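Top line first, the protein sequences correspond to chains A, B, C and D. Going by my numbering, 294 is the number at position 157 of the first sequence; the sequence numbering is gapless. Going by my numbering, 271 is the number at position 134 of the second sequence; the sequence numbering is gapless. Going by my numbering, 364 is the number at position 227 of the third sequence; the sequence numbering is gapless. Going by my numbering, 183 is the number at position 46 of the fourth sequence; the sequence numbering is gapless.
Hints listed in this document are in silico derivations from the structure and should not be mistaken for laboratory results. Predicted model only: the values in this text are computed from it and were never measured. Errors might be hidden in some of the hints.
Which copy is meant is left open, so a pair is good if it fits within one copy or across any two.
With a straight-line Cα cutoff of 20 Å, these simulated SDA-like cross-link-like pairs (lysine to any residue) come out [to be verified]:
| id | residue 1 | residue 2 |
| --- | --- | --- |
| 1 | LYS295 | THR367 |
| 2 | LYS295 | PRO416 |
| 3 | LYS295 | ALA208 |
| 4 | LYS295 | LEU415 |
4 protein chains.
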Amino acid sequence: MFGAVRRTGRTARERVRPKHGVAMKIPLTDLNTMPEGDFVALLGAVFEHAPWVARAAAARRPFDTVAGLHAGLCAAAAAAPDDLRRALLAGHPELAGRAARDGMIAADSIAEQAVAGLDRLSASEYARFEAMNAAYRSRFGIPFILCVGRHGRASLLKAFEERLESDPETEMRTAEAEVFRIAAIRLGRLVEADGTLRTTGRISTHVLDTVLGRPAAGVAVELVEAVTGTETVPVARAVTNADGRTDVPLIGGRPVPIGVYEIRFALGDYHRRIGMRLPQPPFLDVVPLRFGVAAPEEHYHVPLAATPWSYQTYRGS
Amino acid sequence: MFGAVRRTGRTARERVRPKHGVAMKIPLTDLNTMPEGDFVALLGAVFEHAPWVARAAAARRPFDTVAGLHAGLCAAAAAAPDDLRRALLAGHPELAGRAARDGMIAADSIAEQAVAGLDRLSASEYARFEAMNAAYRSRFGIPFILCVGRHGRASLLKAFEERLESDPETEMRTAEAEVFRIAAIRLGRLVEADGTLRTTGRISTHVLDTVLGRPAAGVAVELVEAVTGTETVPVARAVTNADGRTDVPLIGGRPVPIGVYEIRFALGDYHRRIGMRLPQPPFLDVVPLRFGVAAPEEHYHVPLAATPWSYQTYRGS
Amino acid sequence: MFGAVRRTGRTARERVRPKHGVAMKIPLTDLNTMPEGDFVALLGAVFEHAPWVARAAAARRPFDTVAGLHAGLCAAAAAAPDDLRRALLAGHPELAGRAARDGMIAADSIAEQAVAGLDRLSASEYARFEAMNAAYRSRFGIPFILCVGRHGRASLLKAFEERLESDPETEMRTAEAEVFRIAAIRLGRLVEADGTLRTTGRISTHVLDTVLGRPAAGVAVELVEAVTGTETVPVARAVTNADGRTDVPLIGGRPVPIGVYEIRFALGDYHRRIGMRLPQPPFLDVVPLRFGVAAPEEHYHVPLAATPWSYQTYRGS
Amino acid sequence: MFGAVRRTGRTARERVRPKHGVAMKIPLTDLNTMPEGDFVALLGAVFEHAPWVARAAAARRPFDTVAGLHAGLCAAAAAAPDDLRRALLAGHPELAGRAARDGMIAADSIAEQAVAGLDRLSASEYARFEAMNAAYRSRFGIPFILCVGRHGRASLLKAFEERLESDPETEMRTAEAEVFRIAAIRLGRLVEADGTLRTTGRISTHVLDTVLGRPAAGVAVELVEAVTGTETVPVARAVTNADGRTDVPLIGGRPVPIGVYEIRFALGDYHRRIGMRLPQPPFLDVVPLRFGVAAPEEHYHVPLAATPWSYQTYRGS
């Protein structure tokens, strides 16, 4: 593998973000054996603008698992002198800040902020962020750092407001913890190894037709996120397969942003299609299951067992 | 009783709609025995601007039940010559029409149209009704007649549009059937007798705490009606009592307007109050049960049996 | 009323247990005003062979409620000197003892012991009771006293074995508490007054057809009690009415004996009768709901909401 | 592979049933290419005492799937002259017959009859079978043939009694169909190939703790089969794992015998173990889910979602 790099003449970094965009994961075994320079080239960006963290961690090799590698990087960062640790925090971009808009931040941050929709703020929302960013920076002397991939817009604002009330010492620790979370997600995308870092969660569903005692196939389902009490944004759409499930999770392969969601099942359409006679309007037509996600790295299985006149749900597994 | 009237010196009509507004019901037995004049005075308004219906029905007395009385009135109307029957229909006010706005229609109609919110139309909604009324009148030569108490605004518009496509003969029968329904509701309010007319329905609920195996007391519930896909209007608010029920039905004592409703249960608040530890946000916080009502005279019991992680509902009894 | 007694010439006792067997309840107001002699004649048997309790309580009249009357009687018993209280306990018959078999105990006790089936013991069961009675009497110097109406045979034996291990002082209090419970039930049968004593519980059910969204009528249900792990005895049979309920509770008007019960629903027969096609054998045919009763004075509502392929139950209200 | 056989010097038959008892499956590709003699040696026993069926089918090779192979064998049998087809049926052993007891039947039949417990009949049950076998043979001139692996004892007796009432022609077809089913199961055990024959079903379960919103681990479950209305025989025992499931299906890898089953969940023990306070006796202790199996080749997933006061089940997937 390493030799291959030489042949292709690509840099270590290029190997991981090839032109065609598909990230190629690098085996942990290679990371354990490659020269420090390549190690830093590959993992330097895991901590924003702070390749020194990877350099310090290189000495701690080999690592058995990617979790061990993450722990090693965090330990290296935590072991640094205070001014350096502070500089690490200071090096992060502001959420929805000018830097973000002007593309002056690391590629990873751009992608991550986009996930939370921070690249699509209205003028007033943008202004609000600017104000909070300014207030935060003047109070703590660093930008507000949050692992945005783990938040919906509502929970993000809530966290921002709460942390503005925090005391400096607590806030330093909180900010560093968020930096470590960001690092874990980036590492999970970069490194191939057994023993995952548990940086991704899942929302899945399953529709059962309890009149016929079999999975309900062909049920249109939509997942929306409640941005505010009334406003919702669509997240995913799917149709149940022969097993009553969706072919892929409604959210998967990434943290499930903390927030309130609603899965809407087109149950009435399903019952009409299989020939059941329903009143007009039907007792059950579009069935909404509303639930909150508090743990982005967990699996939220939200099944629906239904007849035209009854249904039940629960957090399954 | 009749003598009493003389003593009070009130007219028969006054007896039923006393100044202080509380309707006093008149016993069927009295209606069976009183002079035709009083009978007509009391029931003349049951058919809009058509006391002749009551007069014709007076001869058919006595009636065993209020249902029998209603049948007698309808039979009298149906037995009339076509031009008179047509005049009966023509005598009705337009829905949300100028007459309604200018208070030139019977008191009952004013109250009934208010129920459907037709007295609170926006200018554009009002214009739309005006247009449909005009189209209907030019096509069928009578105003559009509907027992509005049995409809939500959405189902009312749907019915209006469908009936505009109908053929004249069918439409005459449909309009007359609606007149009879209106009469039944007015009669139910006026007459006291065994054997109701089944002119009222009900929406009720019941909350069970299946963690503790007992009714959930103190749960705030709200009933809203879906006016459109997204817009809802509040209908009723209540808090569950010690038996997990609301002291009075969320809708009762009148037809349940055809439409789509949602009962929203403040389940998270309940669980927090009884001391359960919940994640933030909780998996279940405000639980919406959405259901359609197709039969205004039926009972829709929509219970919720829940834990912080599961719930079920069904159309109960 | 009191005069009436003189006229009929019946004794006070006769008034309450007339020949034709239907117990006539005596109003609390009468008990409050009648001569002490009649009061004692009527309530003397509430405490087994101890009319002195009623006599002592007579002085404490009047009582507002039957609960107050019960408290007054218990207070009178508790205020008596130790030897008298001990004699009160000693005066009780042994459970399933020779006295019971030979009819030498109070009528109430005979009826009460019959409820628990203690009048139908096998020779070996009878021998077991004799042995436990002997062991208990030799250890505590009084017969084993238990409010049998509150126990199934299994829980009765369990209580017997546990109390054999108790210490004398605790056991005296326990025995007296049981005497008070027995008194409450007897009083509830004798006296007519507002504010019941809560001496009765209930087992009820409700069957919902969640395929059709309406109550399931005509479902045969059977209540059995689990005497042992495998052996059961039938307690009640019924068929659901139009509302999906049984016309009377499966158990009611008396304490629900502590124990394990099973309601068996002939669901398959119901589904076949309403014309649903079922496999042979059906997925759900006779559905057993097994549950335990720990509080004889409470209401156990155990509903079934079912389709041919699913069902749910919960302790309702 | 084939060469390997030569080297080991084992016969084709030995390859499939090695001394150490573990059946080694033979790839379909080998069956397609091997000499007719080996093909017959390997598959001759699929049709009881009728290697001629395999010989006739050999000419029809190659087969794409094991299902195709089965179809080929059945076609070969069906294409044979009537007397030969009749001889094929006549060659089968009687159910629970003397031949079975005296070990004079094919090894496969012995194993298959053991599954249904026909090798453990009481004297009276044995006598009953003898009588039915005699009646059947005298009526149809062949032994009663049934794919016993697909039946519980109750359904087996039911089928026996019904078929005794059948007419000869229908019964010949029914018997042959059973022979084909037996062949399918034997073939599934012998041949390794893609595209299974669907000769096996499954009973599985899943326990959800809806108080905590997670799988219930460590719940003891027992599967019993109802032999008669009251008598049951244990089939399997297991304890749920961290995912609330059993590590292996309660029944799997074979047809699920037609019959009535009960899964019993030690729910009370589970709730006590996780520290919930329960009354004595608990409302829910051992929860029985009773269900019927009509399709031996299907998957019966019977989950339990429960709290100490409620539960629900359905046929899942």
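20 Å Cα threshold - placement of PRO416 relative to LYS295: between (43 Å within a copy, 15 Å between copies)
Regarding LYS295 and ALA208, is the shortest C-alpha distance of 20 Å or less found within a copy, between copies, in both, or in neither? neither (29 Å within a copy, 57 Å between copies)
Identical-chain pair category, LYS295 with THR367, by Cα at 20 Å: Within one copy only: 17 Å inside a chain, 26 Å across chains, cut-off 20 Å.
Between the shortest in-copy and the shortest cross-copy C-alpha distance, which are at most 20 Å for LYS295 and LEU415: within, between, both, or neither? between (44 Å within a copy, 17 Å between copies)
The structure fails hint 3 only (numbered hints given earlier).
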